[in-house]
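The listed protein sequences correspond, in order, to chains A and B. 1 is the number of the first residue of the first sequence in the working numbering; add one for each residue after it. 1 is the number of the first residue of the second sequence in the working numbering; add one for each residue after it.
Any given hint could turn out to be false.
[Claimed, not checked] Per label pair, the in silico range of CB-to-CB distance: (1) B:Pro-18 - A:Asn-144: 45 to 53 Å; (2) A:Arg-348 - B:Pro-18: 29 to 37 Å; (3) B:Phe-11 - A:Glu-378: 48 to 56 Å; (4) B:Ala-102 - A:Ser-326: 48 to 56 Å; (5) B:Asp-41 - A:Tyr-89: 30 to 38 Å; (6) B:Pro-18 - A:Gly-99: 45 to 53 Å; (7) B:Pro-80 - A:Thr-218: 31 to 39 Å; (8) B:Pro-18 - A:Leu-496: 35 to 43 Å; (9) A:Lys-501 - B:Pro-16: 53 to 61 Å.
Hints in this document: simulated from the structure, not taken from any laboratory. These numbers were taken from a predicted model, which means no experiment stands behind them. C-beta atoms are modelled at their ideal positions from N, C-alpha and C, and glycine is treated no differently.
These are the residues of each chain, in order.
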Amino acid sequence: MTRYDLIVVGAGPAGLSAAAEAAAAGMRTAVFDENLKPGGQLFKQIHKFFGSKEHKAKIRGMNIGAELLGEAERLGVEVFLSSPVMGLYKDREVLVRQGDGVCRYKGDAVIVATGASENMLTFPGWTLPGVMGAGAAQTMMNVNRVRPGDRVLMLGSGNVGLVVGFQLLQAGCSLAAVVDAAPRVGGYGVHAAKLARTGVPFYLSHTIVRAEGTDRVTGVVIGEVDGKWNVISGTEKRFEADTICIAVGLSSSTQLLKMAGCEMRDDGAGRLPVCADDGETSIPRVYAAGDVSGIEEASSAMLEGRISGAAAAGALGFITGDALLSRKAELEAALESLREGMFAPKNRGKLPDKTDVGLPVSASLLSRGYLGDAEVFEYPGVKRASGLHPVMECTQNIPCDPCRDACPKGCIKVRGGIVSLPELDEAAGCVGCGLCVAACSGQSIFLVNENAGDGGAEVTIPYEFLPLPEKGERGVALSRSGAALCPAEITDVKLLPAYDKTALVTLRVPTALAMKARFWKREASV
Amino acid sequence: MNMSVDRTRDFGEYVPAPDDDIIICRCEEVTKGEIRRAVRDGMFNVHEVRRFLRCGMGLCQGQTCARLVRTLIARELGVPPGVLDEATGRAPARPTEMYVFANEKMEGI
Ligand SMILES: Cc1cc2nc3c(=O)[nH]c(=O)nc-3n(C[C@H](O)[C@H](O)[C@H](O)COP(=O)(O)OP(=O)(O)OC[C@H]3O[C@@H](n4cnc5c(N)ncnc54)[C@H](O)[C@@H]3O)c2cc1C
Ligand code: SF4
Ligand code: SF4
Numbered sequence: 001m002t003r004y005d006l007i008v009v010g011a012g013p014a015g016l017s018a019a020a021e022a023a024a025a026g027m028r029t030a031v032f033d034e035n036l037k038p039g040g041q042l043f044k045q046i047h048k049f050f051g052s053k054e055h056k057a058k059i060r061g062m063n064i065g066a067e068l069l070g071e072a073e074r075l076g077v078e079v080f081l082s083s084p085v086m087g088l089y090k091d092r093e094v095l096v097r098q099g100d101g102v103c104r105y106k107g108d109a110v111i112v113a114t115g116a117s118e119n120m121l122t123f124p125g126w127t128l129p130g131v132m133g134a135g136a137a138q139t140m141m142n143v144n145r146v147r148p149g150d151r152v153l154m155l156g157s158g159n160v161g162l163v164v165g166f167q168l169l170q171a172g173c174s175l176a177a178v179v180d181a182a183p184r185v186g187g188y189g190v191h192a193a194k195l196a197r198t199g200v201p202f203y204l205s206h207t208i209v210r211a212e213g214t215d216r217v218t219g220v221v222i223g224e225v226d227g228k229w230n231v232i233s234g235t236e237k238r239f240e241a242d243t244i245c246i247a248v249g250l251s252s253s254t255q256l257l258k259m260a261g262c263e264m265r266d267d268g269a270g271r272l273p274v275c276a277d278d279g280e281t282s283i284p285r286v287y288a289a290g291d292v293s294g295i296e297e298a299s300s301a302m303l304e305g306r307i308s309g310a311a312a313a314g315a316l317g318f319i320t321g322d323a324l325l326s327r328k329a330e331l332e333a334a335l336e337s338l339r340e341g342m343f344a345p346k347n348r349g350k351l352p353d354k355t356d357v358g359l360p361v362s363a364s365l366l367s368r369g370y371l372g373d374a375e376v377f378e379y380p381g382v383k384r385a386s387g388l389h390p391v392m393e394c395t396q397n398i399p400c401d402p403c404r405d406a407c408p409k410g411c412i413k414v415r416g417g418i419v420s421l422p423e424l425d426e427a428a429g430c431v432g433c434g435l436c437v438a439a440c441s442g443q444s445i446f447l448v449n450e451n452a453g454d455g456g457a458e459v460t461i462p463y464e465f466l467p468l469p470e471k472g473e474r475g476v477a478l479s480r481s482g483a484a485l486c487p488a489e490i491t492d493v494k495l496l497p498a499y500d501k502t503a504l505v506t507l508r509v510p511t512a513l514a515m516k517a518r519f520w521k522r523e524a525s526v
Numbered sequence: 001m002n003m004s005v006d007r008t009r010d011f012g013e014y015v016p017a018p019d020d021d022i023i024i025c026r027c028e029e030v031t032k033g034e035i036r037r038a039v040r041d042g043m044f045n046v047h048e049v050r051r052f053l054r055c056g057m058g059l060c061q062g063q064t065c066a067r068l069v070r071t072l073i074a075r076e077l078g079v080p081p082g083v084l085d086e087a088t089g090r091a092p093a094r095p096t097e098m099y100v101f102a103n104e105k106m107e108g109i
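Required output: the full structure, derived from the provided sequences and hints.
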């Protein structure tokens, strides 16, 4: 039996961070993951991440995974792939499938970072081919390069539903609707707005009545629900669709912790391990980090992993005294700052009604997925100004701030902590470099010039679809709700290396529509 | 944590529901109706229903249905799902062929 100072189960953001932290302290560390590729959820995530710079915000998830793996390997961590862990026993003994047999390993400390699996929902027809978890659709698209279907209905308006919905559009699918039984959009407003402006309708307070089809999905019927989640008859609507994606939450993958005998608690939806602040379970030197100890985000998973890694190193004497205390304090403070804002774990289930600057949260954003044309001006990032300037349509307190230092000219100010809203500083002169537009993970920054000559205006939008439009190409400008506004010609398309693959597309519209036009579509597809 | 349901309570007769034929456990093809009936027949927790109907004991080992089954049993009993234990965690945590499970290598690769 091979012995390690630390064994980590799961090579997602939590596991890799834990391993890197421990190895940096000198621990001989092994990581086991069942997949062919390390990175956990990160390798499926082609979008730019939220969080702050220290938490690798604005970097695409898949690149964060690669960075973490590089760090862990440089520090001498042994990463074993295609190695499902089948058992966790007394005295931190780990049973791993490797090749055509099973091997036993022993860790002086064990960190379980097995993540989570998708919840399912049943309705007549849910076992038909074409019904799948949103995460499964994401794996098909982004890992295996297979388009899950042509026309998709997304059930669930949390961040997973919204993010995967957008990626389905990027993969060339059309989205029939985003449906959620809750009366408001569950995920970040900026993610919802990205979908809405392409014309995707939101049906809140709706659920799936049935999937149609005999040997595969051919359509789906949804209906409005009453206060008791029962479908109100007569409200049914039918959509053509060959795919239904379910994004109704995740459940922590706690099997190994239960098997080891860790004390569990109920959080209403499922059992979670009872953990100390550093992730230690009821069994000494067995830690839980990341989604397995409660569903959060990659940024918090990375910090939880590091905290557990440092704690394991401390418990075994690899770091001691002040070095240990200051490292833990630093990591814990960072984790606290992420857990602020209206979407923080402690605010889960509460209705976000006001931002921290006292502005009401847009009801339109929560119920339809986009901001109203008049109310946008209430937010500090949205102002009319002469000449070229950025417009930040970011109106909720989310843990995100790549915009804070994106602008070399200082046009964008974020006054408070990571969850504060961006503001426009009119005095600083915008030079149109576009860095802010490309840096915004929520694709909610636009450049507007209401006086672009000849009575027209120019609007620059982030654009992540292929093929890119060409300069001079004519199409249609769309509003925040995805409605066609006017014919619009593309006057510029920019794709600099610093933009990290987000193209900046500039369209010309009448000045009166400068604060309304937020997307562009080719004529052929309108 | 091992809360249990009062076995002396009368939960009433099984009443058929229109969606009883929906499959809950795909691997073992166990329907909603079978689970509802099992509860009425006296199987008051996840372990008992599981042993009786095999739901959650198929290839995916309950990855998909564990939560659905627990919620359904709780609803039949009129208790919050949190009252019911989850299925016991057992090795192998991932589906494994028997010949692999039996082939114990002394040294790791
Ligand atoms: C669509 C989507 C979009 C998201 N967008 C964002 C975002 O923008 N920003 C953000 O911060 N977060 C985002 N997240 C959340 C983030 O991805 C997760 O919170 C994060 O990945 C959790 O990290 P983890 O290390 O705990 O688990 P995971 O990333 O799930 O990694 C766990 C790993 O352990 C492996 N494993 C499990 N059991 C075993 C076993 N028995 N043996 C061996 N290996 C095992 C798994 O296969 C997996 O590789 C998103 C999630 C999804 C699904
Ligand atoms: S375009 Fe450049 S100069 Fe203008 S606000 Fe954005 S980052 Fe600043
Ligand atoms: S404007 Fe700033 S805080 Fe808002 S989504 Fe964009 S980068 Fe994040």
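Tested hints:
1. B:Pro-18 - A:Asn-144: 45 to 53 Å: Between Pro-18 (chain B) and Asn-144 (chain A), where Cβ atoms are some 38 Å apart, the hint is violated.
2. A:Arg-348 - B:Pro-18: 29 to 37 Å: About 33 Å separates the Cβ atoms of Arg-348 (chain A) and Pro-18 (chain B), which means 29 to 37 Å holds.
3. B:Phe-11 - A:Glu-378: 48 to 56 Å: 53 Å, holds
4. B:Ala-102 - A:Ser-326: 48 to 56 Å: Holds, since Ala-102 (chain B) and Ser-326 (chain A) (Cβ atoms, about 49 Å apart) stay within the stated range.
5. B:Asp-41 - A:Tyr-89: 30 to 38 Å: Check passed, 36 Å falls within 30 to 38 Å.
6. B:Pro-18 - A:Gly-99: 45 to 53 Å: Hint holds: Cβ distance 49 Å, inside 45 to 53 Å.
7. B:Pro-80 - A:Thr-218: 31 to 39 Å: 38 Å, holds
8. B:Pro-18 - A:Leu-496: 35 to 43 Å: Since the Cβ atoms of Pro-18 (chain B) and Leu-496 (chain A) sit about 59 Å apart, the hinted range of 35 to 43 Å is violated.
9. A:Lys-501 - B:Pro-16: 53 to 61 Å: Since Lys-501 (chain A) and Pro-16 (chain B) have Cβ atoms about 55 Å apart, the given range 53 to 61 Å holds.
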